[in-house]
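The residues making up each chain are set out below.
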Amino acid sequence: MKFFFIVFFNGLTLAALYFIAACGFTLIFGLMRTVNMAHGALLLLGAYVGYEVVEITGLWTVGIIAGGLTSAIVGAAIQAYILGRYQGDELRQTLITIAISIIMADLMLWAWGGLTYQISLPEMLLGGVRLPILNVGYSSVRLTLMAMAAVTGILLWLLIAKTKLGIIIRAGVDDREMLQALGFETKKIFVIVFAIGGMLTGMAGVITGSALSIAPGTDMQFLLSSLVVVIVGGMGSIGGAALGALLIGMAEQYGLAYAPTYGVVFTFVIMIAVLAIRPQGLLGRSEK
Amino acid sequence: MMDSQLLKIEKLNVFHGSSHTLQDIDVSMGNKPKAILGRNGMGKTTLCSALVGLTKMASGHVFLERHDISLFPPEQRAKAGIGYVPQGRRMFRSLSVLEHLKLVERKNTNWPIDRIFSIFPRLAERKSNMGDRLSGGEQQMLAISRALMLDPKLMIMDEPTEGLAPTIVDDVTELLLSLQAEGIGLLLVEQNISVALEAAEDILIMVNGRIINEVKADTLKDNPEMQQEYLGITFSD
Amino acid sequence: MNRFIILLLIICSVLPVFAADFWLTQILSRSIILGVMALSLTFLTAYLGVVSFAQVTLAGIAGYTIAYFSANTAGIGAELPWVFAVLLALFFSTIAGALVGLIARQSVGIYSIMITLAISMAFFYFTRQNYSVFNGWTGFSGISAPSVMGLDLGAPVVFYYVCLFTGALATLFVVKFSSSPLGLSIQGVRDAARRVRAIGIPTSPVIVSAYAFSGLIAGMAGILNVWHQERVSSFSVGLGPTIDVLIISVIGGMRHPLGAFIGAITYVMIDTFAIDLISRDRFNTVIGLVLLLIVIAAPEGILGILKSVKERIKKIVLN
Numbered sequence: 093m094k095f096f097f098i099v100f101f102n103g104l105t106l107a108a109l110y111f112i113a114a115c116g117f118t119l120i121f122g123l124m125r126t127v128n129m130a131h132g133a134l135l136l137l138g139a140y141v142g143y144e145v146v147e148i149t150g151l152w153t154v155g156i157i158a159g160g161l162t163s164a165i166v167g168a169a170i171q172a173y174i175l176g177r178y179q180g181d182e183l184r185q186t187l188i189t190i191a192i193s194i195i196m197a198d199l200m201l202w203a204w205g206g207l208t209y210q211i212s213l214p215e216m217l218l219g220g221v222r223l224p225i226l227n228v229g230y231s232s233v234r235l236t237l238m239a240m241a242a243v244t245g246i247l248l249w250l251l252i253a254k255t256k257l258g259i260i261i262r263a264g265v266d267d268r269e270m271l272q273a274l275g276f277e278t279k280k281i282f283v284i285v286f287a288i289g290g291m292l293t294g295m296a297g298v299i300t301g302s303a304l305s306i307a308p309g310t311d312m313q314f315l316l317s318s319l320v321v322v323i324v325g326g327m328g329s330i331g332g333a334a335l336g337a338l339l340i341g342m343a344e345q346y347g348l349a350y351a352p353t354y355g356v357v358f359t360f361v362i363m364i365a366v367l368a369i370r371p372q373g374l375l376g377r378s379e380k
Numbered sequence: 004m005m006d007s008q009l010l011k012i013e014k015l016n017v018f019h020g021s022s023h024t025l026q027d028i029d030v031s032m033g034n035k036p037k038a039i040l041g042r043n044g045m046g047k048t049t050l051c052s053a054l055v056g057l058t059k060m061a062s063g064h065v066f067l068e069r070h071d072i073s074l075f076p077p078e079q080r081a082k083a084g085i086g087y088v089p090q091g092r093r094m095f096r097s098l099s100v101l102e103h104l105k106l107v108e109r110k111n112t113n114w115p116i117d118r119i120f121s122i123f124p125r126l127a128e129r130k131s132n133m134g135d136r137l138s139g140g141e142q143q144m145l146a147i148s149r150a151l152m153l154d155p156k157l158m159i160m161d162e163p164t165e166g167l168a169p170t171i172v173d174d175v176t177e178l179l180l181s182l183q184a185e186g187i188g189l190l191l192v193e194q195n196i197s198v199a200l201e202a203a204e205d206i207l208i209m210v211n212g213r214i215i216n217e218v219k220a221d222t223l224k225d226n227p228e229m230q231q232e233y234l235g236i237t238f239s240d
Numbered sequence: 287m288n289r290f291i292i293l294l295l296i297i298c299s300v301l302p303v304f305a306a307d308f309w310l311t312q313i314l315s316r317s318i319i320l321g322v323m324a325l326s327l328t329f330l331t332a333y334l335g336v337v338s339f340a341q342v343t344l345a346g347i348a349g350y351t352i353a354y355f356s357a358n359t360a361g362i363g364a365e366l367p368w369v370f371a372v373l374l375a376l377f378f379s380t381i382a383g384a385l386v387g388l389i390a391r392q393s394v395g396i397y398s399i400m401i402t403l404a405i406s407m408a409f410f411y412f413t414r415q416n417y418s419v420f421n422g423w424t425g426f427s428g429i430s431a432p433s434v435m436g437l438d439l440g441a442p443v444v445f446y447y448v449c450l451f452t453g454a455l456a457t458l459f460v461v462k463f464s465s466s467p468l469g470l471s472i473q474g475v476r477d478a479a480r481r482v483r484a485i486g487i488p489t490s491p492v493i494v495s496a497y498a499f500s501g502l503i504a505g506m507a508g509i510l511n512v513w514h515q516e517r518v519s520s521f522s523v524g525l526g527p528t529i530d531v532l533i534i535s536v537i538g539g540m541r542h543p544l545g546a547f548i549g550a551i552t553y554v555m556i557d558t559f560a561i562d563l564i565s566r567d568r569f570n571t572v573i574g575l576v577l578l579l580i581v582i583a584a585p586e587g588i589l590g591i592l593k594s595v596k597e598r599i600k601k602i603v604l605n
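From first to last, the protein sequence lines are chains U, F and B.
Remember, our numbering sits 92 above the position in the first sequence when you count from 1.
Remember, our numbering sits 3 above the position in the second sequence when you count from 1.
Remember, our numbering sits 286 above the position in the third sequence when you count from 1.
Treat the hints with care, since some could be wrong.
Within a straight-line C-alpha distance of at most 35 angstroms, the following computed DSBU-like cross-link-like pairs (lysine-lysine) qualify [to be verified]:
no., chain 1, residue 1, chain 2, residue 2
1, F, Lys82, F, Lys35
2, B, Lys462, B, Lys593
3, U, Lys280, F, Lys219
4, F, Lys14, B, Lys601
5, F, Lys14, F, Lys224
6, F, Lys130, U, Lys254
7, U, Lys254, F, Lys14
8, F, Lys130, F, Lys156
9, U, Lys280, F, Lys59
10, F, Lys35, F, Lys110
11, B, Lys600, B, Lys462
12, U, Lys279, F, Lys219
13, F, Lys156, F, Lys105
14, B, Lys462, U, Lys279
15, F, Lys224, U, Lys280
16, U, Lys256, F, Lys219
17, F, Lys224, F, Lys35
18, U, Lys279, F, Lys156
19, U, Lys280, F, Lys156
20, F, Lys219, F, Lys156
21, F, Lys156, U, Lys256
22, F, Lys59, F, Lys110
Think of the hints as simulated: they come from the structure by calculation, not from any bench.
Work out the full structure: start from the sequences and follow the hints.
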């Protein structure tokens with residue numbers, strides 16, 4: 093029973109990480125119908141920059157901001173200078189982001205080599221706590237991770253549900269043309285959304301590099317996890333991403349614990365099942 | 004009386020693939036409302052969409068108050084003073100009524116949200132309803148409000164009475180008449196001939212992508228043969 | 287175009303007279319194998335209008351079948367006469383193609399990309415975890431092409447002709463299949479799924495058969511690939527090769543079966559000679575830039591570029 097709960101908390105931690113990583117991806121897909129295959133590369137870039145900044149300054153908060161900003165700028169530039177010209181041409185955009193992710197991954201390999209990096213956390217997060225009742229040790233990092241996932245989710249929800257920018261974003265999701273006809277420059281809005289998505293992704297990279305570690309290949313790993321999370325939960329829905337992350341995180345951890353051989357396969361089986369039965373994802377809306 | 008020129012369309016052409024959807028459209032109008040009548044599939048909606056910039060013009064010019072806006076993207080046309088009430092209303096389905104209005108709210112508008120709510124108390128009652136959870140009439144009020152709040156010089160309305168109950172049709176018609184008093188021009192596309200005849204003095208007849216005639220509303224009203232010929236109206240709806 | 291293909295075939299068939307073994311094996315045979323793999327994707331994209339990331343998986347299934355039923359160093363499987371192994375490999379890749387089609391039948395555009403990507407990644411992880419059939423991430427090695435009546439199919443010149451024959455056969459299959467009644471309904475589904483359904487043809491079997499056919503073509507490439515590499519493992523069906531095949535199709539152009547082969551030879555040349563252009567380690571940057579340039583500037587690929595050059599020359603000549 094205790095084992096079951098340990099696995100449960102592991103699943104929760106992983107879900108928190110997957111959720112944080114998927115937020116930027118789902119935001120960008122939700123508004124722009126752009127499948128950003130360079131998502132993983134942006135995440136890894138943010139992580140590397142965060143690592144460097146933390147090494148220099150010794151301040152984790154500065155590192156996460158620097159990582160976030162770098163990916164925000166790179167993301168916005170990709171949208172403004174390349175992707176924006178092909179809005180609506182989804183296939184071409186997908187291919188372009190694949191090309192960008194290949195180039196970015198290779199350049200990062202050049203700059204940072206094949207080593208594995210871990211970003212050092214502030215000291216206050218290094219300890220552990222004993223969970224009451226279960227009497228299971230649990231590291232503060234993991235609790236922080238969950239808190240961060242909750243904060244990210246709530247902030248993103250507030251942004252989308254309560255602010256003027258959120259209203260504009262939702263209107264753009266519903267009917268881009270009509271939004272334009274009401275005087276909104278959707279191009280500019282798309283660049284802003286890409287910047288916000290990039291920001292979230294870069295910060296997620298720093299968090300990933302702190303909670304786990306980063307190396308070449310982390311980009312593809314988190315691109316795939318985000319893809320699966322968002323497909324299972326429903327494209328462009330934050331609640332969907334949370335649900336998807338929870339399902340996938342749990343499936344992976346319980347799979348590892350109880351059926352170690354095929355743990356990873358479970359994830360994809362869930363995804364294929366969801367796509368076959370409910371192509372728009374569990375909480376996704378069907379296309380018009 | 005010199006009627007100041009609000010909208011002028013010169014030799015506007017639009018193609019959809021190989022089909023020539025709009026052919027050398029010429030329209031000139033001032034502050035007096037004009038209506039475009041024609042059967043389904045004659046190019047009326049394409050004309051609206053080309054005027055607001057959502058459909059690409061192959062050639063020709065559009066002038067708003069003598070400024071050439073032909074090369075403007077939709078958002079600049081909206082800022083230049085074109086309000087668009089599209090066919091089918093096109094509500095944002097994840098926005099509430101209030102959010103629809105907040106989306107387009109600006110400082111110093113002639114149409115602040117309070118004023119909209121006093122004109123359409125129904126919208127105030129339903130301000131937290133989602134855009135697609137309104138009746139057809141309420142959606143129409145919201146679509147019109149959404150366009151009005153941009154303080155347009157010209158409203159382009161594509162079949163505003165489509166699918167509405169007869170009493171609501173009367174309300175909308177009355178609203179269209181009141182636009183003129185506010186100094187807002189109106190280009191109205193209609194299938195409902197009686198609405199068009201009531202709301203506009205000049206009627207443009209559109210057949211197969213061309214404006215084939217411009218008549219006074221009164222002339223058309225008293226001329227059933229003409230109605231039959233151009234519009235194929237054998238019964239009123 | 288047909289005359290051009292025949293000319294190309296004649297040129298290709300006399301190449302062994304001039305080319306060294308390195309060129310035959312590492313450049314030409316490899317290009318044809320990758321070309322056939324890309325052809326299976328080009329077929330789906332051109333005729334059904336979907337982009338599939340599962341083609342390398344389908345090729346891999348054929349490759350694994352060959353490995354399982356041939357002599358190998360993994361000590362797994364049962365040796366069968368090569369003809370049976372080949373037939374089984376084609377059978378499994380075709381069935382697998384049909385299964386992919388069954389799962390992805392409702393998806394188009396980016397959704398078909400994502401679902402097929404998921405399928406291929408699921409298969410990739412499965413091969414890494416499964417030891418009884420796929421021998422985990424190490425897979426199979428020590429597989430060699432069979433000898434037929436004393437002729438070693440693996441010898442460079444012979445293998446090249448086997449590849450050339452298979453490539454020509456696959457192209458012929460695609461051309462013939464696409465003009466068959468079923469091929470025409472596939473294109474009908476691409477252009478107007480609803481209308482095809484309205485005239486009484488259910489779309490699912492049509493889509494499934496298109497995927498199955500692409501599985502057959504991918505399987506042909508998969509068999510050659512395992513003979514060429516002499517091994518097959520989880521790496522053969524990973525994300526890298528999957529993206530490579532997509533790149534090849536896009537670079538070559540998806541409007542005509544030939545595009546797949548043009549893309550493949552371009553890719554292999556860059557892969558082999560990028561070392562002279564720029565440090566070998568930056569191959570991915572080069573191929574990424576090539577892909578980016580092609581997607582942005584020439585969405586119809588090299589084939590499209592050649593076509594517009596030809597038209598321009600024609601115009602100049604006529605004037």
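Here is how each hint holds up against the structure:
| no. | hint | result |
| --- | --- | --- |
| 1 | F:Lys82 <-> F:Lys35 | 21 angstroms, holds |
| 2 | B:Lys462 <-> B:Lys593 | 23 angstroms, holds |
| 3 | U:Lys280 <-> F:Lys219 | 44 angstroms, violated |
| 4 | F:Lys14 <-> B:Lys601 | 32 angstroms, holds |
| 5 | F:Lys14 <-> F:Lys224 | 28 angstroms, holds |
| 6 | F:Lys130 <-> U:Lys254 | 15 angstroms, holds |
| 7 | U:Lys254 <-> F:Lys14 | 46 angstroms, violated |
| 8 | F:Lys130 <-> F:Lys156 | 27 angstroms, holds |
| 9 | U:Lys280 <-> F:Lys59 | 21 angstroms, holds |
| 10 | F:Lys35 <-> F:Lys110 | 28 angstroms, holds |
| 11 | B:Lys600 <-> B:Lys462 | 29 angstroms, holds |
| 12 | U:Lys279 <-> F:Lys219 | 43 angstroms, violated |
| 13 | F:Lys156 <-> F:Lys105 | 20 angstroms, holds |
| 14 | B:Lys462 <-> U:Lys279 | 45 angstroms, violated |
| 15 | F:Lys224 <-> U:Lys280 | 48 angstroms, violated |
| 16 | U:Lys256 <-> F:Lys219 | 45 angstroms, violated |
| 17 | F:Lys224 <-> F:Lys35 | 18 angstroms, holds |
| 18 | U:Lys279 <-> F:Lys156 | 25 angstroms, holds |
| 19 | U:Lys280 <-> F:Lys156 | 25 angstroms, holds |
| 20 | F:Lys219 <-> F:Lys156 | 23 angstroms, holds |
| 21 | F:Lys156 <-> U:Lys256 | 25 angstroms, holds |
| 22 | F:Lys59 <-> F:Lys110 | 32 angstroms, holds |
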